[in-house]
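**Student:** Taking the hints into account, I'd like the entire structure generated from these sequences.
Chain residues, written in single-letter form:
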Amino acid sequence: MKKIRKRLIVAVTAFSLAISMAGCGSSSQNSASGSSSKSGGDKVVNLLTWEGYADSSFADKFEKKTGIKVNATYFNTSDDLAAKLKAGGGDTYDVISPSGDMAGYIVQNDMAEPLDLNKLENWSDISDSVKLSDVEKDGKTYGCPYLWGPDYLIYDADVVKEEPTSWDIFWDPKYSGRISLYDDISNIYMIGQMEGLDKDDPSAIYNMSTDQLEDAKEKLSKINGSVRKYWTTAGELTDLFANKEVDVAVGWPITVKNVNDQGRNLKWTIPKEGCTGWMDRLMIVKGAKHVDAAYKWINYVTSPEGQALSSAATYYTVVNPKALDYMDDDLIATTNADSLDEFFSKINFWQYVKNRDQYNDIWVSVKSGT
Amino acid sequence: MSTKRKMFHFLRYGILAPSCIWLIVFLVIPYFNLFLYSFWKNGAFKVEKTFTLNNYIRFFAGDSSGSGHVMILLQTLRTSLIVTVIAIIISFPLAYFIIYAVKKARSKKILYMMTIIPLWVSYIMRAYAWKIILGTNGILNSFLIWLGVTSKPLDIFLYSDASVIIAMVHIYTPYVMMPIYTSLEQIPHSLIEASRDLGCGGARTLGKIIIPLSLPGIVTGATYAFALSMGDFLAPSLLGGTTSSTKIANIVQMQFGTSDNWPYGAAMGMIILVFVIVLMEITGKIEKHYANLNG
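Read top to bottom, the protein sequences are chains A and B. Per my numbering, the first sequence starts with residue 9, numbered consecutively. Per my numbering, the second sequence starts with residue 31, numbered consecutively.
Among the clues, some could well be false.
[Said to hold, decoys possible] Which stretches of chain B does chain A cover? Using the computed rule of at least three CB atoms under 8 Å from a CB of chain A, they are: (1) 176-190; (2) 270-280; (3) 285-296.
[What the hints assert, rightly or not] Heads up, simulated DSS-like pairs for lysine-lysine below, C-alpha to C-alpha not over 25 Å straight-line: (4) A:K69 to A:K304; (5) B:K36 to A:K92; (6) B:K238 to A:K294; (7) B:K318 to A:K94.
In short, the hints are calculated from the structure, not lab data. Glycine included, C-beta positions come from ideal geometry on N, C-alpha and C.
**Tutor:** Right under this line is the structure:
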């Protein structure tokens, strides 16, 4: 009897484990079977992108045109992308949109597939100045430029009457409790720019020494108390401005657009120290299950029309100058799409940070006040 | 062996099986996994399975880049205790009122339901509601300006420790109210009458009879509020400001997200688990002690 009892318990446990594992396994099997169709028969494409990069204003058109369903997962920061990619990989995602601070790393660590430039229909139309070399390895290109933009200074022109000329406005007691910063290590780059570290070598702010980082920590800690809220998504910053919680912030064009759409008067500027910015490349994840659909998506969003629609949804700047034909004047002016190369030169684009852990730890200590 | 006994055994273990499986799959395996992770090393984009105690050392002593997270754990502890105390202060009189002051059974039921209903509303909705109430242009500020208490909207309400505590008290009070209500309900009326007959006034009856007898309920409720607010990362991240938005659970969440250091996150998880279990053991002992005194 005892034996039977034991066996029963073992059997039940094993059975339940088997069920739970089968449950986990089946989802990946489904997507695998979907990919086995070779001749462009993919029915889905799984994106892991920044918010807004699969906006229904252009994703719906793609779905209608190709019959491919777009599944999008969003990430908040570059580290978040790395974490999600690590957890899912090619089984879960097909296309990613890393910014410059992660793109090079992903390429160097073999986490993306090399792109077949012959399959990229718009490659020759894309402005050469945005084809950065950090996504090239052994003569192969791993990333296709998509959209880019600045981390510039946004201010409520109804409150801040004069255009700020320096990032030091954040240290101005007048705006204490009325500022917002991005919840990300990029604030450390800002300190580097204020110190003029990137005057000669743009990459210096991504390779700061321990002393320089300590200095940055001290400076950022001083304004920790003045910060109303660290924002994590563009939508959150938009809410902060819309509800008049903050007057000055580091932010992206999408916030200016969305808040001004509500009849407000936000303005942006690039302070004299310069600003950082991001260049987002589209990459195909190593071992992606829907490669054909991935190419179709990349071709769609880098086409003149796809670029214009993407820009209209996000207010980020295009990489394909032909898109200007599809954009209205307001959109062109806001995104500086007509002076693409000149605007591009004012921005220190994010690069991969080798001491990412250290930057992260400094950032956590700043915001947790320890 | 008789078939009856076989039947009995089958039923006995058959009934136990689902809960055993549940515990193994959703409690034992995950925690064991977490335990293992906490002794591994974090590599670039992957976890290296080499044994190290550094994750634990880092938490208490810090390392080259930071000063550890003990202070944040203590700050979180402080916030959780404040939340717990306020929740009890609100819940006890409320439960007392419903049980002793409200006479009609139907009114009792309605009042009790009203305190429970907030639990049916999604957590996020309740947190966002506080944003609307406490914000610079929020209901509270508009009201204060209308009253003439202040001429300019105050920004101290939202994105501060206060807003985090207010939201958590609101969210966790029903969890405290329910067990207190149950324990008050179980106090025999004859005891209270006897206390009155022997010349005790309302306050003495409350202090000598009602509070000691409802102590198990209070402790249970306090445990819920405390454990839940210790692990809450949503309220701080939605309603907290800068420092107040970083509670221990936020740091843990960060390890599995932006900081991408699963082993360290796992180690923190284990530390918090032990910390909370020890605290509960202590309150459990205290409760038993009092229960014995009463008996």
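**Student:** For each hint, tell me whether it holds in the structure or not.
**Tutor:** Checked hints:
For the segment 176-190 of chain B, the stated coverage by chain A is satisfied: 3 residues place a CB nearer than 8 Å to a CB of that chain, which reaches the threshold of 3. With a threshold of 8 Å between beta carbons, the proposed coverage of the segment 270-280 of chain B by chain A holds, since 5 of its residues qualify and at least three are required. Given as covered by chain A, the segment 285-296 of chain B passes the check, having 6 residues with a CB less than 8 Å from a CB of that chain where 3 are the minimum. Distance restraint check for K69 of chain A and K304 of chain A: the Cα-Cα separation of roughly 13 Å lies within the 25 Å cut-off, and the hinted pair is therefore satisfied.
For the suggested pair K36 of chain B and K92 of chain A, the alpha carbons sit about 51 Å apart, so the restraint of at most 25 Å is broken. For a cut-off of 25 Å, the pair hint linking K238 of chain B to K294 of chain A is broken: about 70 Å separates their Cα positions. Using a Cα cut-off of 25 Å, the hinted pair K318 of chain B and K94 of chain A is violated, with the two alpha carbons roughly 48 Å apart.
Going down the numbered hints, you'll see the structure goes against 5, 6 and 7, while the others check out.
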